[in-house]
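Add chain B to chain A, keeping to what the hints say.
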Amino acid sequence: MYDLIIVGGGLAGITAAIYAARKEMNFIIISPEFGGEIANTPYVENWPGEKHIGGMELAQKYFEHMKSLNVNIVEDIVTEIKKEGEKFVVKTYEKTFESKTVIWATGSKYRELKVPGEEKFKGRGVTYCSTCDGPLFKGKTVAVVGAGNNGLTSAIYMSEIAEKVYLINKNPIIKGDAILAEKLINNKKVEIIHNARIKEIRGEKLVTGITIITPEGEKNINLQGVIVNVGYTPITEPIKNLVHLDPSGYVSVDAKKMTHVPGFFAAGDVVNNPYKQLVISASDGCTAALGAYDYLSSR
Amino acid sequence: MITVYSTPTCPWCFRTKEFLKQNNITFKDVDVSRDRAGAMEMIEKSGQMGVPVIDINGEIIIGFDKERIKDLLNIK
Chain A
1 MYDLIIVGGG
11 LAGITAAIYA
21 ARKEMNFIII
31 SPEFGGEIAN
41 TPYVENWPGE
51 KHIGGMELAQ
61 KYFEHMKSLN
71 VNIVEDIVTE
81 IKKEGEKFVV
91 KTYEKTFESK
101 TVIWATGSKY
111 RELKVPGEEK
121 FKGRGVTYCS
131 TCDGPLFKGK
141 TVAVVGAGNN
151 GLTSAIYMSE
161 IAEKVYLINK
171 NPIIKGDAIL
181 AEKLINNKKV
191 EIIHNARIKE
201 IRGEKLVTGI
211 TIITPEGEKN
221 INLQGVIVNV
231 GYTPITEPIK
241 NLVHLDPSGY
251 VSVDAKKMTH
261 VPGFFAAGDV
271 VNNPYKQLVI
281 SASDGCTAAL
291 GAYDYLSSR
Chain B
1 MITVYSTPTC
11 PWCFRTKEFL
21 KQNNITFKDV
31 DVSRDRAGAM
41 EMIEKSGQMG
51 VPVIDINGEI
61 IIGFDKERIK
71 DLLNIK
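For the record, the sequence lines run as chains A and B. Using my numbering, the letters of the first sequence map in sequence onto residues 1 to 299. Using my numbering, the letters of the second sequence map in sequence onto residues 1 to 76.
If we strip away everything but chain A, and leave its shape as in the complex, we get (with noise of 0.2 Å):
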């Protein structure tokens, strides 16, 4: 039986296996894949001591730290997670593992647009990753949907790239911060439209258009690329039955990180924090781990 179950290999639960390393706590950390969702950026220029770093060079960094420590790694998935009297038992595809502490620090997927056309044409043009297969869009046009802080910065990174980008944005003005929007505004390769939704995207064996609905009625663009970044939905789908979530799906949490069931924690962007960023995942992470262990030093 552990002291400690860690499920989640991005920022939030490797800053927990770092905290829960030094404290000495008898635990494992559960995981497909290790670096989390920061992996999937083009660059980062919001962690304090990086003025600008790579995602992916970021998260082999944290990932480095954490193996350092000699924490104990199982890559698989879980599936189930019940509690038994006082324990919690962790249901992965290979295992079932034991533990009187758990972290849920499973992040978010991306979340689809839900329109005609986007599911036959997912790796046919779709993407939900411009850092991965924005390269491939080098001198197209391609319309990146969503004018967030991910939507901004994929809209920048394939302004480097393709010849024409368009932000599709549902909202009157940008949400997105500032500084990405400034970079963009003046970007002769960009075209904001606002007030835009997909209604359709279209295409033969690869895409070809879409088609946005706006104010002043349908229009098509022709181009090669859908760039969508619309947010993230948490994945909950093996606590869903233990853990009390929020109507929007995140996972209620006190001060300490703890769920409502004594001795269960969650930390990062699976949590209802008001604000999904890097720093915040990282300090989740923090909680949570010296949370579990007082828990348990005060039993």
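Rather than coming from a laboratory, the hints here were simulated on the basis of the structure. Just so you know, even glycine gets a beta-carbon here, dropped at the ideal spot from N, CA and C. Some hints here could point you the wrong way.
[Unchecked claim] Cut-off 25 Å, straight-line C-alpha distance, at most; resulting in silico cross-link-like pairs (DSS-like, lysine-lysine):
{"id": "1", "chain 1": "A", "residue 1": "Lys67", "chain 2": "B", "residue 2": "Lys17"}
{"id": "2", "chain 1": "B", "residue 1": "Lys21", "chain 2": "A", "residue 2": "Lys67"}
{"id": "3", "chain 1": "B", "residue 1": "Lys70", "chain 2": "A", "residue 2": "Lys95"}
{"id": "4", "chain 1": "A", "residue 1": "Lys140", "chain 2": "A", "residue 2": "Lys188"}
{"id": "5", "chain 1": "A", "residue 1": "Lys138", "chain 2": "B", "residue 2": "Lys28"}
{"id": "6", "chain 1": "A", "residue 1": "Lys61", "chain 2": "B", "residue 2": "Lys66"}
{"id": "7", "chain 1": "A", "residue 1": "Lys114", "chain 2": "A", "residue 2": "Lys199"}
{"id": "8", "chain 1": "A", "residue 1": "Lys164", "chain 2": "A", "residue 2": "Lys189"}
{"id": "9", "chain 1": "B", "residue 1": "Lys17", "chain 2": "A", "residue 2": "Lys122"}
{"id": "10", "chain 1": "B", "residue 1": "Lys66", "chain 2": "A", "residue 2": "Lys120"}
{"id": "11", "chain 1": "A", "residue 1": "Lys67", "chain 2": "B", "residue 2": "Lys66"}
{"id": "12", "chain 1": "A", "residue 1": "Lys114", "chain 2": "A", "residue 2": "Lys67"}
{"id": "13", "chain 1": "A", "residue 1": "Lys83", "chain 2": "A", "residue 2": "Lys95"}
{"id": "14", "chain 1": "A", "residue 1": "Lys138", "chain 2": "B", "residue 2": "Lys17"}
{"id": "15", "chain 1": "B", "residue 1": "Lys45", "chain 2": "A", "residue 2": "Lys138"}
{"id": "16", "chain 1": "B", "residue 1": "Lys66", "chain 2": "A", "residue 2": "Lys122"}
[Said to hold, decoys possible] Label-pair distances were calculated between CB atoms; the ranges are:
{"id": "17", "chain 1": "B", "residue 1": "Asp35", "chain 2": "A", "residue 2": "Val89", "range": "48 to 54 Å"}
{"id": "18", "chain 1": "B", "residue 1": "Asp71", "chain 2": "A", "residue 2": "Ala178", "range": "48 to 54 Å"}
{"id": "19", "chain 1": "A", "residue 1": "Glu50", "chain 2": "B", "residue 2": "Pro8", "range": "16 to 22 Å"}
{"id": "20", "chain 1": "A", "residue 1": "Gln277", "chain 2": "B", "residue 2": "Asn24", "range": "38 to 44 Å"}
What follows is chain B alone, placed relative to chain A:
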């Protein structure tokens, strides 16, 4: 013959290549962000505009599908 079609910035490509290296498997790495002909070859083989695409002796794998890669290469 194993070919990985990738871009230098793609984390899943990085993970795919690391996984192959850890298992001592030699492969040809085609950087589709620079190699236009390589990119066209990838799209033709897979019908995909997304990376990574892995060609293991003619079997096309889309994305870092670790289980399928393990299966095809007899990695335990």
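Practice task
Take a quick look at whether B/Lys17 and A/Lys122 sit within 25 Å of each other, Cα to Cα.
Solution key: holds (23 Å)
Handout entry: Outcome for the supplied range 48 to 54 Å, where the beta carbon pair is B/Asp35 and A/Val89
Key = Given range 48 to 54 Å: holds, Cβ gap about 49 Å.
Practice task
Please test the hint of 16 to 22 Å on the beta carbon pair from A/Glu50 and B/Pro8.
Solution key: Holds, since A/Glu50 and B/Pro8 (Cβ atoms, about 19 Å apart) stay within the stated range.
Problem - Holds or violated: B/Lys66 to A/Lys122, with C-alpha atoms at most 25 Å apart - result: Satisfied, since the Cα-Cα distance of roughly 20 Å is no more than 25 Å.
Practice task
Below or equal to 25 Å on CA atoms is what counts here, so check A/Lys164 against A/Lys189.
Solution key: holds (5 Å)
Practice task
Please work out if A/Lys114 and A/Lys199 have their alpha carbons no farther apart than 25 Å.
Solution key: Given that 25 Å is the threshold and the Cα spacing comes to 10 Å, the pair holds.
Practice task
Would you check the hint for A/Lys67 and B/Lys17, treating anything up to 25 Å between C-alpha atoms as holding?
Solution key: holds (19 Å)
Problem - Holds or violated: A/Lys83 to A/Lys95, with C-alpha atoms at most 25 Å apart - result: holds (16 Å)
Practice task
Sort out whether B/Lys66 lies within 25 Å of A/Lys67, counting only the CA atoms.
Solution key: holds (21 Å)
Handout entry: Satisfaction of hint between A/Lys138 and B/Lys45, Cα-Cα up to 25 Å
Key = holds (20 Å)
Exercise for the section: Would you mind confirming whether the straight-line C-alpha gap from B/Lys70 to A/Lys95 stays at or under 25 Å? Expected result: holds (19 Å)
Practice task
With a cut-off of 25 Å on the C-alpha distance, tell me whether A/Lys138 and B/Lys17 pass.
Solution key: At roughly 23 Å apart (the allowed maximum being 25 Å), B/Lys17 and A/Lys138 satisfy the hint.
When each numbered hint is compared with the structure, a violation occurs for hint 12 only.
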